[in-house]
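Under mature numbering (1 follows the signal peptide of the UniProt record, and there is no 0), the letters of the sequence shown match residues -25 to -1, 1 to 257, in that order.
To be clear, the hints were calculated from the coordinates, so they are not data collected in a lab. There may be inaccurate statements among the hints.
[To be verified] Across the chosen pairs, the derived CB separations fall in these ranges: (1) Thr188 x Phe30: 25 to 33 Å; (2) Gly224 x Thr2: 49 to 57 Å; (3) Pro106 x Gln29: 33 to 41 Å; (4) Thr188 x Val252: 19 to 27 Å; (5) Val252 x Gly70: 27 to 35 Å; (6) Val230 x Pro106: 18 to 26 Å; (7) Arg19 x Ala229: 48 to 56 Å; (8) Ser152 x Gly37: 50 to 58 Å; (9) Tyr105 x Asp231: 16 to 24 Å.
[As the list claims (entries may be wrong)] Once the Cα atoms are required to be at most 20 Å apart in a straight line, the calculated EDC-like pairs of lysine to aspartate or glutamate come out as: (10) Lys16 x Asp78; (11) Lys196 x Glu256; (12) Lys31 x Asp78; (13) Lys36 x Asp25; (14) Lys227 x Glu256; (15) Lys174 x Glu148; (16) Lys71 x Glu58; (17) Lys88 x Glu44; (18) Lys85 x Glu58; (19) Lys151 x Glu107; (20) Lys88 x Glu58; (21) Lys16 x Asp50; (22) Lys174 x Asp243.
For each residue, glycine too, the CB sits at the ideal point set by N, CA and C.
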Amino acid sequence: MQLKATLLGVGVVAGLSLFATGASAATTYVKVGQTNHNFLKTKRTIQTTDEDKQFKLTIPKGTIVDVVETNWHGDKKGQVHVEVNLQRVSYRIRGKHIAFQTDRILATTKTFKKVHVPQYVQYYTTQKVYPENVSRTRVADGNLYAGLKVPDIYRQPKLTAARLYVTSDGYLEYYKSAPVMYLQTTQIPTTSAKITKVKRVPGKGLTMLYTKTAVPTAIGKRVSKTGNQQYLTTIKRRYRSSATVFYRGNAKTAVDSIRLASLYKVNDHDFFMNTDVVFPEY
């Protein structure tokens, strides 16, 4: 009787152990919101491809990425897949590739961690969206171009200007001459500097980015000869906007759309960001 009881006890313990193992092995997923930008931090190195599986990519552990949730009808209940926005990661990851996103990645909590919007990208509003029934589209992507307004990019498709961008993984990228608002081509940054410190003065719309790597005088200045914060780039939102009207074909009265730009000062130079597209007749 004692032996039988002992064996029974072993069986119960084994059953409980098996049950506990199964419970702990349950897959959990990160919660991805429905806003324009969802920032996740990789908890392991990810080997993936672009969405068309044309080339391979490595996303290092500890990288902050901007993702969009992409669930399919064939997915198992509760599964969450995401695609990393390759236009918002640094050149060190995307290289010369011009794909817009990666292939689908299972967003488990073993792979990703949800993080707040990084301070270094808070020079613009990343979470703003408009209702579907409003004839206005939010297009703000963080790209700052030298100038005061969106140019007529349809009549001047080869127009170039200086471009400044802060990547999701914390790099300050400067392009001395880049196609204006055209990212479907290989662009190699003139300077790519890891951001080492951020200071923000929200009430004044001021974002201060420090780097150890030198940045051009067009966007920054040297403030120290030693340490990790040797160069400073200031991005100041002016809280002013400009508008560019686009007409249909050669018509001078038929408005097709209106592009709105938010105005900035970068190291006291004028820059703009295309933030919205309005369609008056819809």
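We went through each hint and held it up to the structure:
1. Thr188 and Phe30 have their C-beta atoms about 27 Å apart, which keeps the hinted 25 to 33 Å range intact.
2. As the Cβ distance of Gly224 to Thr2 is approximately 53 Å, the hint placing it in 49 to 57 Å holds.
3. Restraint check, Pro106 to Gln29: a C-beta distance of roughly 36 Å satisfies the suggested window 33 to 41 Å.
4. The hinted window of 19 to 27 Å between Thr188 and Val252 is violated, with their beta carbons roughly 35 Å apart.
5. In this structure the hint that Val252 and Gly70 lie 27 to 35 Å apart at CB holds, the actual value being about 30 Å.
6. Distance hint check: the CB atoms of Val230 and Pro106 are about 22 Å apart, consistent with the given range 18 to 26 Å.
7. For Arg19 and Ala229, the hinted distance range of 48 to 56 Å is satisfied, since their beta carbons lie about 53 Å from each other.
8. With their beta carbons about 32 Å apart, Ser152 and Gly37 fall outside the hinted range of 50 to 58 Å.
9. At about 19 Å, the CB distance of Tyr105 to Asp231 agrees with the hint of 16 to 24 Å.
10. For the hint pairing Lys16 with Asp78, the CA-to-CA distance comes to about 17 Å; that is within 20 Å, so the pair holds.
11. For the suggested pair Lys196 and Glu256, the alpha carbons sit about 46 Å apart, so the restraint of at most 20 Å is broken.
12. Restraint check for Lys31 and Asp78: the C-alpha separation of about 10 Å stays at or below 20 Å, so the hint holds.
13. A distance of roughly 18 Å separates the Cα atoms of Lys36 and Asp25; the hinted pair therefore holds under the 20 Å criterion.
14. A threshold of 20 Å between alpha carbons decides the hint, and for Lys227 with Glu256 the separation of about 15 Å falls inside it, so the pair holds.
15. Between Lys174 and Glu148, the direct Cα distance comes to roughly 18 Å. Compliance with the 20 Å bound is thereby established for this hinted pair.
16. For the given pair, Lys71 sits about 19 Å from Glu58 by alpha-carbon distance, which is consistent with the 20 Å threshold.
17. Proposed proximity of Lys88 and Glu44 is supported: the alpha carbons are some 14 Å apart, at most 20 Å.
18. Annotation: proposed proximity of Lys85 to Glu58 holds, straight-line Cα distance about 16 Å (limit 20 Å).
19. At most 20 Å may separate the alpha-carbon atoms for a hinted pair to count; Lys151 and Glu107 exceed this at roughly 37 Å.
20. For the given pair, Lys88 sits about 15 Å from Glu58 by alpha-carbon distance, which is consistent with the 20 Å threshold.
21. For a cut-off of 20 Å, the pair hint linking Lys16 to Asp50 is broken: about 23 Å separates their Cα positions.
22. Of the pairs offered as hints, the one joining Lys174 and Asp243 holds, with about 17 Å between alpha carbons and a cut-off of 20 Å not exceeded.
Taken one by one, the earlier hints fail for this structure at numbers 4, 8, 11, 19 and 21, listed in ascending order.
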